[in-house]
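Read top to bottom, the protein sequences are chains R and Y. Start counting the first sequence at 0; every next residue gets the next number (numbering that gives the first Met the number 0). Start counting the second sequence at 0; every next residue gets the next number (numbering that gives the first Met the number 0).
No lab work stands behind these hints, which were simulated from the structure alone. It is possible that some hints are incorrect.
Here are the in silico distance ranges between beta carbons for each label pair [said to hold, decoys possible]:
no. : chain 1 : residue 1 : chain 2 : residue 2 : range
1   : Y       : L16       : R       : T6        : 36 to 42 Å
2   : Y       : Q43       : R       : S18       : 30 to 36 Å
3   : R       : S96       : Y       : F46       : 38 to 44 Å
4   : Y       : V14       : R       : S106      : 33 to 39 Å
5   : R       : K181      : Y       : Q43       : 27 to 33 Å
6   : Y       : K95       : R       : D51       : 17 to 23 Å
7   : R       : D4        : Y       : K81       : 48 to 54 Å
8   : R       : P188      : Y       : F46       : 28 to 34 Å
9   : Y       : K95       : R       : S23       : 49 to 55 Å
10  : Y       : A12       : R       : L196      : 25 to 31 Å
11  : R       : S18       : Y       : V57       : 20 to 26 Å
12  : Y       : F46       : R       : D51       : 21 to 27 Å
Calculated pairs, BS3-like style, for lysine-lysine (alpha carbon to alpha carbon, straight line, at most 27 Å) [as the list claims (entries may be wrong)]:
no. : chain 1 : residue 1 : chain 2 : residue 2
13  : R       : K102      : R       : K77
14  : R       : K192      : Y       : K5
15  : R       : K192      : Y       : K95
16  : R       : K17       : R       : K77
17  : R       : K181      : R       : K192
18  : R       : K137      : R       : K192
19  : Y       : K95       : R       : K199
20  : R       : K199      : Y       : K5
21  : Y       : K81       : R       : K77
22  : R       : K137      : Y       : K81
23  : R       : K181      : R       : K77
24  : R       : K137      : Y       : K95
25  : R       : K181      : R       : K199
26  : Y       : K5        : Y       : K81
27  : R       : K137      : R       : K181
28  : Y       : K95       : Y       : K81
The C-beta atom is built at its ideal place from N, Cα and C for all residues, glycine as well.
Each chain is listed here by its residues.
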Amino acid sequence: MGNVDETLFSHINGLVGKSSLVDSIMRIGVNDYFVPVCLVLFLVFLWFWGRDQLEREWCQKCVICGLIGVGIVNGITKVINIFYFRSRPFQSEALISDIPLLKSRVSDIFYGPTDSSFPANAPAIAFALATAVFWGNKRWGLLAYLLALLISFARVFAGVHYPSDVVVGGALGIATTYAILKLMQLLEPYPSKVISLLRKIFLA
Amino acid sequence: MLFRTKPLSYTFAAVCLLGSFGWFFGWDDRLDEKIMMTGLEGGQQFFYFALSFFLALVSTLLLSSLRWRRLPPEDKDEEGLKVLSGKTYLQAMRGKYGKRR
Numbered sequence: 000m001g002n003v004d005e006t007l008f009s010h011i012n013g014l015v016g017k018s019s020l021v022d023s024i025m026r027i028g029v030n031d032y033f034v035p036v037c038l039v040l041f042l043v044f045l046w047f048w049g050r051d052q053l054e055r056e057w058c059q060k061c062v063i064c065g066l067i068g069v070g071i072v073n074g075i076t077k078v079i080n081i082f083y084f085r086s087r088p089f090q091s092e093a094l095i096s097d098i099p100l101l102k103s104r105v106s107d108i109f110y111g112p113t114d115s116s117f118p119a120n121a122p123a124i125a126f127a128l129a130t131a132v133f134w135g136n137k138r139w140g141l142l143a144y145l146l147a148l149l150i151s152f153a154r155v156f157a158g159v160h161y162p163s164d165v166v167v168g169g170a171l172g173i174a175t176t177y178a179i180l181k182l183m184q185l186l187e188p189y190p191s192k193v194i195s196l197l198r199k200i201f202l203a
Numbered sequence: 000m001l002f003r004t005k006p007l008s009y010t011f012a013a014v015c016l017l018g019s020f021g022w023f024f025g026w027d028d029r030l031d032e033k034i035m036m037t038g039l040e041g042g043q044q045f046f047y048f049a050l051s052f053f054l055a056l057v058s059t060l061l062l063s064s065l066r067w068r069r070l071p072p073e074d075k076d077e078e079g080l081k082v083l084s085g086k087t088y089l090q091a092m093r094g095k096y097g098k099r100r
């Protein structure tokens with residue numbers, strides 16, 4: 000598994016510097032601002048979306064689940080980071096000896112974080128939000144998943160995560176939001192009461 | 000909420016969005032230098048997500064209330080966001096919770 004991970008990493012990271020257009024797209028996709036802000040905007044749109052009261056209420060519940068999902072998946076990754084530390088690819092001596100340009104490739108695309116690489120936090124958050132958007136609106140959800148894929152791929156491209164980091168992070172994000180959505184359905188009518196309270200102050 | 004016609008609302012929203020993205024990533028060498036130096040941690044990201052979502056909602060409601068403050072409110076006694084198609088946020092709150100005469 001380790002070898003597959005490192006081989007895949009080498010192939011993806013080897014694309015750095017091949018095309019200036021791809022490098023520019025990855026620099027926008029990899030940073031901590033572009034994809035997260037776009038996904039939050041999807042949530043704002045979703046909050047106001049809905050052809051009727053029922054549909055709007057469902058979308059608003061999805062937004063709430065997405066926000067709770069982000070908080071929980073953040074906590075899960077923090078706990079995993081405490082018990083298991085995996086250094087970043089650009090800190091691995093074995094990879095640096097295989098790919099001498101690795102460190103300079105990272106600094107060309109992104110800064111070099113030094114916290115644990117596994118699981119990837121940004122893809123976890125991105126997929127948690129995208130799942131909430133998908134459940135509210137399938138078409139927007141697909142776009143949101145594309146953005147989540149972009150940040151995940153860009154993190155490997157930039158050399159700050161192994162492919163397995165982003166796959167596990169993404170899976171955690173999807174599973175967390177999905178579990179919260181299912182839990183919300185079990186907890187009815189309480190989530191509806193929260194929305195009803197927000198409706199009384201014209202916020203939902 | 001800020002404009003009465005949908006095309007104008009969508010155009011305004013698109014200009015605001017593209018303008019703010021352009022300003023953030025294009026200004027002050029941010030994409031080439033500042034973003035390359037440091038980033039946001041997961042906890043910080045979550046805090047800013049929640050804060051930005053709340054601020055976006057509140058500022059839109061307040062701006063639309065200011066924009067339409069002189070408009071006579073439609074007489075609807077409903078709840079929820081739909082009411083805001085005929086009243087400003089402040090009018091709706093005053094109508095529901097203000098002193099009854």
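Structure-based check of each hint:
1. Evaluation of the 36 to 42 Å hint for Y:L16 and R:T6 yields a pass: the beta carbon distance comes to about 40 Å.
2. Our hint of 30 to 36 Å for Y:Q43 and R:S18 holds, since their Cβ atoms are close to 32 Å apart.
3. Look at R:S96 against Y:F46: about 40 Å separates their beta carbons, and that is inside 38 to 44 Å.
4. Look at Y:V14 against R:S106: about 35 Å separates their beta carbons, and that is inside 33 to 39 Å.
5. Separation of R:K181 from Y:Q43 is about 29 Å and conforms to the stated range, judged on CB atoms against 27 to 33 Å.
6. At about 22 Å, the CB distance of Y:K95 to R:D51 agrees with the hint of 17 to 23 Å.
7. Under the hint 48 to 54 Å, the C-beta atoms of R:D4 and Y:K81, about 51 Å apart, fit the expected range.
8. For the pair R:P188 and Y:F46, the supplied restraint of 28 to 34 Å holds, since their beta-carbon distance comes to about 30 Å.
9. Distance hint for Y:K95 and R:S23: a CB-CB separation of about 51 Å, consistent with the stated range 49 to 55 Å.
10. Restraint check, Y:A12 to R:L196: a C-beta distance of roughly 28 Å satisfies the suggested window 25 to 31 Å.
11. Here the CB-CB span from R:S18 to Y:V57 is close to 43 Å, at odds with the stated 20 to 26 Å.
12. Range check, Y:F46 to R:D51: about 34 Å between beta-carbon atoms, so the 21 to 27 Å window is missed.
13. Restraint check for R:K102 and R:K77: the C-alpha separation of about 26 Å stays at or below 27 Å, so the hint holds.
14. For the given pair, R:K192 sits about 31 Å from Y:K5 by alpha-carbon distance, which is inconsistent with the 27 Å threshold.
15. Between R:K192 and Y:K95 the alpha-carbon distance is near 19 Å, which keeps this suggested pair within the 27 Å criterion.
16. The hinted pair formed by R:K17 and R:K77 fails the criterion: a straight-line CA distance of about 35 Å is larger than 27 Å.
17. Using a Cα cut-off of 27 Å, the hinted pair R:K181 and R:K192 holds, with the two alpha carbons roughly 17 Å apart.
18. Distance check on the hinted pair: R:K137 and R:K192 sit about 25 Å apart at the alpha-carbon level, within 27 Å; holds.
19. With a C-alpha separation of about 9 Å, the suggested pair Y:K95 and R:K199 falls inside the 27 Å cut-off, and the hint holds.
20. A threshold of 27 Å between alpha carbons decides the hint, and for R:K199 with Y:K5 the separation of about 26 Å falls inside it, so the pair holds.
21. At roughly 40 Å between alpha-carbon atoms, Y:K81 and R:K77 are farther apart than 27 Å, so this suggested pair is violated.
22. For the proposed pair R:K137 and Y:K81, the alpha carbon gap of about 23 Å is at most 27 Å, so the pair holds.
23. Under the criterion of a C-alpha separation no larger than 27 Å, the hint pairing R:K181 with R:K77 is consistent with the structure, at around 24 Å.
24. Straight-line distance between C-alpha atoms of R:K137 and Y:K95 comes to about 35 Å, which puts the hinted pair past the 27 Å bound.
25. In summary, the hint linking R:K181 to R:K199 is supported, as the alpha carbons are separated by about 26 Å, within the 27 Å threshold.
26. For the proposed pair Y:K5 and Y:K81, the alpha carbon gap of about 15 Å is at most 27 Å, so the pair holds.
27. This hinted pair checks out: R:K137 and R:K181 have alpha carbons roughly 17 Å apart, not beyond 27 Å.
28. For the proposed pair Y:K95 and Y:K81, the alpha carbon gap of about 14 Å is at most 27 Å, so the pair holds.
In this structure, the hints that do not hold are numbers 11, 12, 14, 16, 21, 24, in rising order.
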